[in-house]
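Peer 1: The listed protein sequences derive, respectively, from chains Y and V.
To convert, note that position 669 of the first sequence is 1791 in my numbering; the numbers rise steadily by one, no gaps.
To convert, note that position 25 of the second sequence is 22 in my numbering; the numbers rise steadily by one, no gaps.
Derived from the structure by calculation, the hints contain no laboratory data.
The beta carbon of each residue, even a glycine, is placed where N, CA and C say it ideally should be.
Please note that a few of the clues may not be correct.
Said to hold, decoys possible - Which chain Y residues face chain V? A few, computed with CB under 8 Å, are given here:
| hint | residue |
| --- | --- |
| 1 | 1149 |
| 2 | 1150 |
| 3 | 1151 |
| 4 | 1154 |
| 5 | 1156 |
| 6 | 1178 |
| 7 | 1181 |
| 8 | 1249 |
| 9 | 1251 |
| 10 | 1905 |
Stated by the list, open to error - A few chain V positions that, by computed beta-carbon distances, are all more than 12 Å from chain Y:
| hint | residue |
| --- | --- |
| 11 | 18 |
| 12 | 85 |
| 13 | 93 |
Unchecked claim - Subject to a maximum C-alpha distance of 20 Å in a straight line, what follows is the list of computed EDC-like cross-link-like pairs (lysine to aspartate or glutamate):
| hint | chain 1 | residue 1 | chain 2 | residue 2 |
| --- | --- | --- | --- | --- |
| 14 | V | 53 | Y | 1855 |
| 15 | V | 52 | Y | 1144 |
| 16 | V | 52 | Y | 1147 |
| 17 | V | 52 | Y | 1365 |
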Amino acid sequence: MRTSPDARPPRRAEQLLERIVERAEVDTLLADLDEGFTRRCRVDSSVRARRWYWRQTLILAVAFAGIRIRNVFTSGALLLDTRRAVRSLRRSPGLTLAAVGTLGLGMSAPSAAFGIISAMFSPLPVEEPDRVVAVDLLDRESGRTFAASGSIYSAWQARPDGFEALGAYDDHDQAVSGPGFSPVRVPSVRVTPGVLEVLRVEPVLGRTLTESDAAPGAPRTALIREDLWDDWFDRRPDALGAEITMGPDVFTVVGIMPASFGFPEAHQVWTTLRSPIDDYAQVDVIGRLADGRSIEAVETRLIGSLGALGDSTIDPAHTSVEVEEFVVAQQGRRTLTLLWGLNLLVGLLVVIAAANVSALFLARGLTRTSETALRMSTGGGRWAVIRPLGIEAFIVSALGAGIGVFGAQAIVGWMGATLEARGTLPYWADLEPSPGLLAFALTLMLGATVVAGVIPAIRTTRVDLADALKRDSRGTSIDRAPLLSTLVGVEVALACVLLVTSTVAVRGALGTIQKAGAFPTEGVLTAELFLEPFAYEDTAARRAFWSGLKERLDGDPGVAAHTLASAMPGDGTSDAWIAIEGTSWDRAEDWPRSQRRVVETGFFDMFDMEISAGRAFTDADGPDSPGVAVVNDAWVDEQLGGASPLGLVVHVRERDAEPVSYEIVGQVRDDGVSVDDGERVAALFLPVAQRDPERLRIAVTSRPGAPEPLETLTAAISSIDPALPLDRVMTLEALVRRENDGGRVMGLLFGSLGLAALLLAIVGLHGVVAFSTSQRRHAIGVMRALGATETTVLADVLGRGLRPVGIGLAVGLAVSWSLTPVVSRELLAEAEARAHDPLVFGLVPLLLLSGAVLAVVRPALSASRVDPVAALKAE
Amino acid sequence: MGRYILGEFEHLVLLAVLQLRDDAYGVSVTELLSEQTDQDVAQAAVYLTLRRLEKKGWLEGHTAARSPSSGGRPRKTYSVTAEGRTRLAHAQSTLRSMWSAIGEELS
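For reference, chain V alone in the conformation it holds in the complex (with noise of 0.2 Å):
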């Protein structure tokens, strides 16, 4: 399955930029995560995420236009790829039948 680990941190990226579907940037992901998870997610930290997981070939970056609310500077938006895609649900799989094993009792 690749050569990649997915890490704890970086499957909730994924999850945030697939749900954010065409708005996945640094500033919307950290927010998200941040609300999900209900703790201070640092900026940085999600930026160097996207930006390893994009080595990974997990995501897809795109330069985005100027816009005045990133000091006029170009924004970069991020997509999952196909790739990515695949091994997110090999995660899901994974952890669903991992949590299968365990049944009830946790809750």
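Chain Y extracted, bound-state conformation (with noise of 0.2 Å):
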């Protein structure tokens, strides 16, 4: 089909070409096509030779920006666009300076984020850990997880078919103690062969757990970690076969695993878990994936078999399995999804560190009008003024980078190394910065390059030339630049965003912190004591524990103070279900939950909780006397709305056991002894004589001159028991810390994340409205020798500067309160309601305002303060 003579070729195709190609060529390669495309007009229909048209012109466009990125590599113009970019950025050091710090500190956050979450979810230190995987009974209502029962555990053994090994472990956290040292509870598990099978670790001396340690009846044996060999052996060889007694049992050592296994999670003894495994047993499982076999496939074959597995307490209408890559099980996929939600808002101080460079450069490439107008129009064309201005923008991010991976392996290494002396620092974490961290500070690093440089030179090589050159550089002001104030608008929109977000985050987070001072900590010692059940057999045994304890410490003329707790104050503890005698419920369910604290006589006294109506425990409250409880001011005001609790009759149920009845014979002021959000936290105290805790912590504080606390525990604990070991030996000081390191950490890491947001925002104003009001010299001048007075430059200059910030705010404030109870419910866990606290939204907008009225304050002042003479002069 001919066509028309008259078709015209695509212009846009056109355009394309003579933005590409050097003007000098374009006329003749665009005579060729369009003779070309003419011709095939003639034999075609019109739509086939523009389709012709466009074909030849990606050719030709793909080619000739390929010929001018290799120019640019090859010709030199490289290094002389880098010298100059270089020589500008060394002229304005305060720029440079404030451009690099502000990226530097935006990208810290992101990359510091990025790197917890790489360091926590590291694959495992395994052969091809992607087939590790963890096996989970699923609550199908709930969706929550659980470990299965022996039972099943076997039946999946027996036909395990999908999994190259399958094994089964349970934590089992005993004191261990050997040859030449002494009691010690360090982190165990029990692991059938199967584990050690799954997970392909090699001992550093000895042999694994096999098969026939699992045997019913083997002798016992255990594998120790390097790091527990170098401590309890001194890496003697002799190790192996060394015996080592963990509760009731002796194990003989045959292996040394690796310093850097510690499955499944910071272990370091590992016994067997023996056949034929209980079938009520709870166990977690772990397997290797056959080759070949993906996690949904073995899933779907283990929830189709669950039916056939004739366990008795499983319904697979209410039960499923979950398959999960081991480390993603570990650390709770929900984990995952927060931890990337909270990267994406740290995320946010980029962008706006970003925005701030970004108006920075734009800002001075708006004076520089005359300039590049003057390059344009020598021949140089857009792109060799954009080109210095990108690699200026690209020299102030990379250096923005190194600081924000500097800054991000800082704050990695100083987590790493908290978590590691907690003993809590799963093994599979790698600190060391990963190459995807890297990927992600590069890529930051390009997105700045982008937002604050590219953006800005291709906003000011759009100029009309004539115009340009014919004005001289009168400079601009703020709202003469639109891009400008978008860009201060964005900037102080996403401030107020992050600062709201980050102070209800804070709240929360302080919320939890104990107040200090509230109760005595100085110079209190703590300690752990468990008592086996292997050794302590029943409640006779138990109570003579602890009262020989508390007679030996009430003699010993060392020892000022001491108490037995289920928790100390500051520290957190178990609540129990709780019925008001008259009060009833139609299901136990439905009982209400109270924080329940068993505690010796002494306790109130020691830590200065004054008993305000009626009176604190004696030890005429043993054992074979009724039941008395003590409550304290917060109970009473939420369990009795204020009125006396004395003679009350509380039963108390701890799980699935039958209900206690207690008396209350006593109130407690206890201000700031434990607290949560902020709000003191409703509590029951019972006496330690009747109740049967195998498990409590001692506090002790010793009189001047007298050994230290620790001493007289030890010797004490000793003497009564020598097989006991002292766990958790902390100060109630380092307690109250370690309870409030949650909370600090948050509120710390949100707290600065807000500040540093705030003083972004601040510091991209000042720079911005400070440059715009120097280049306007002139036109202040003019104002002021028409008569302006200084108050009317003042506020002239204020309103400019601060009219984007007006603007940014309302469209932050109004983002933040559709956004924070998300934010506030899916990242924080905190209550929505408390989303649109009245007080974060009132107190951030004062805040960003005051901080712009500073920003803008000064380069006001100096405005008004213009001497027109000097300034038309200076023109």
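Join the two chains into one complex using the hints; note that each chain is given alone, in its own frame.
Peer 2: Spelled out as structure tokens, the structure:
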């Protein structure tokens, strides 16, 4: 089909070539293409001819773009532009430092968040880690996973279809003692030999556990980690064959595992989980997928066969199976989602920083309009102007990224060291900078380069050459540059969102921090004591120990005070179900819950907790006398609306036990003893003598000149039971600090994030306003010459500077209002209701506005003092 | 023999320019090559090759007057330089000697 002779080549294709191909060449190129197009039209439809034209254009566009890039690298233009960029950056050191610092600060936080996520979710340090999976049962209703029973594991083990190896383990934390070292509690775990097959980890000395170790009646064997081998045996080879005691059993050490091994988390001793595993025991299951099998396929097979297992406790309608990569299962998929959500939030900081630098570069670029126009008019083209500006941004971003990675690594290292000191750093956590982190920083850097440099550069080159050359450099004001004021607005809006969110988070985090100074902590040493069932078989044995310890410490003249308690002040404890006599509940599950603390008689005295009504516990409140309880003010407010609790009987039900009744005999003030969300926690205290605790914490203080509390305590305990280890020994201060760590770290993290956002917004705004004001000296001079007063000029500059701030703030508040409930609920696990905290929504705009006024007022004041004669003469 | 390699397509383009004498430009070279090779040769590829051969010094470009057929734009014609002719002659003799060594094997 022939086409009309008037058909024209696609204009956009021509424009594309005009942009890419050098001016000297583009005309002859288009001459050929146009003729080719005309000839095509003679024999073909215009649609096909146009398609042909576009195809030729795209080939040429790609080829010429390649030629241009090659030319930049081979012609020395890149070197020249880089030199020019470095010179330009050195000419304005203040601006460069501000830009580098801003980007460095902006990149540190998200890079650190990325580094932490990467470390916590690093792959297991084993062969083909993606084939190592955790197999759990899943409650379909709640979506929660739970460990399989011994019988289910045995059924899976009998038909390990889809798995190359399958193993089970259970945490078995016990005190360990051996030749030459005193009893100590180390994280230990019982594993089936299958676990070591799944992990394919070799010992550094000796052997691993085999099926013969797991056989019924076989001698008990254990593996210990290299660091324990060092501590206990000075790396002597005769450690193999040495006997260690764990609980009631004696184990022979048969292998030393590498220091880098800590399965399942940060464990140091592995013993055998013997066959057959008790049907009702709960075990965690781990498997290595057979080659070529996917997680989904294996999971489907296990779900399908769940009904056929013949386990009466499993109803396939309510229970399913979940197979997940081991690390993801261990850390929790939700944690991963939360961390990425937080990272996204933290990522806003980079956007603010980049917008900040972009605004600075744009402000500077707008003052160079005539220089830009000159370069473009002398044949350089837009590219020649954009290139050096882009390189400047690249240098600044690269330096910022360097600071970012360095800062991130410092934060990740600090976090790793803290977790390691507490023994909670998972053994797979790789704290080295990963290629992923570097790639992440590189992406941030390139993004920042585009936002901070290339966009302002393109904007700068969109000038009317004639107009720009006619005008001299009179500078620009923030309101005459829409992109500049938009950037300031965006920056303020983002800062507002980040500040609101982080303030909500900080409030939540600080709420969990126990109040310092509410109870005496100085000189108080605490330790945990666990009376293992094999050694203390009945209530009488345990009571004898607790009362023996009390007598022993009472009789020690060096002890100033001591007490036993299920939890010390400031430390968390478990809840129990309670029902006040006279109230009735349809179901036992509906009983209200209350914090339950088991304490010894001296507890209230030792921590200055004043009894406000009734009495404290006495030695007369023994096991055979009627049950008594003391409640705190918060409990009275919560349960009784402030009415007197004395004489009331309360039924206390622990998990799976019959309720026990106690008469409330006292009320205690406990300001700050335990707080949650900033509120005092309602608590019910029960006497140690009337309970049967296996595990209690002891607190001791010594008199001046007497031996240290640890010495006294160790002597007292070893005189009663030399095999009982003192566990988690720490001062009360350290205990409270540890309890507060989570809140403090979160508070610090979000606090610094919010502060950084505020700081960046202030610095950015100040930079832009100061720069544009200094460029408007001439205009201000004219204003002053025409009779404007200092106040008029001040108001003018303030108004121009604060207008985009106001708009940004309004947008930011609106976004925050709709975002905070989601962030509170999904990311911070906070109550949604507190998301719209009036204090936060009042405080943040006030802070930002004060910051903005602070940022604008200095340049405004300096502008108002412009001497009209000097300003006009300078022109 | 010079620092540049003569590619197969470049070889064909040089021969087409020689053949077209004074009328060698993008469109005419493309049409001749399409005709002789019985393939749809991309004009963009021809243009880029002409440009490359000019950079190598084997072609010389001449900007001709503006013509209505090329949308009123100046057309660029090409001629083979002495260096280009030498390169072609060398390529021809190389090919001839290579072919003679093969003899009748492919026929």
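Peer 1: Would you mind marking each hint as holding or not holding in the structure?
Peer 2: Structure-based check of each hint:
1. 1149: The hint holds - residue 1149 of chain Y has a Cβ within 8 Å of chain V, the shortest such distance being about 5 Å.
2. 1150: holds, 4 Å
3. 1151: holds, 6 Å
4. 1154: holds, 3 Å
5. 1156: Interface hint status for residue 1156 of chain Y: holds (4 Å vs cutoff 8 Å).
6. 1178: holds, 4 Å
7. 1181: Interface hint status for residue 1181 of chain Y: holds (4 Å vs cutoff 8 Å).
8. 1249: Result: violated, 48 Å to nearest chain V Cβ.
9. 1251: Hint violated; residue 1251 of chain Y Cβ to chain V Cβ min 49 Å, cut 8 Å.
10. 1905: Given a least distance of 52 Å, the restraint on residue 1905 of chain Y is violated.
11. 18: Non-interface label on residue 18 of chain V holds, nearest chain Y Cβ at 18 Å vs cutoff 12 Å.
12. 85: It holds; residue 85 of chain V is separated from chain Y by about 23 Å at its closest Cβ, greater than 12 Å.
13. 93: It holds; residue 93 of chain V is separated from chain Y by about 33 Å at its closest Cβ, greater than 12 Å.
14. V:53 <-> Y:1855: violated, 81 Å
15. V:52 <-> Y:1144: Holds - the C-alpha atoms of residue 1144 of chain Y and residue 52 of chain V are around 15 Å apart, at most 20 Å.
16. V:52 <-> Y:1147: Given that 20 Å is the threshold and the Cα spacing comes to 13 Å, the pair holds.
17. V:52 <-> Y:1365: Distance ~84 Å between residue 52 of chain V and residue 1365 of chain Y Cα, so the pair is violated.
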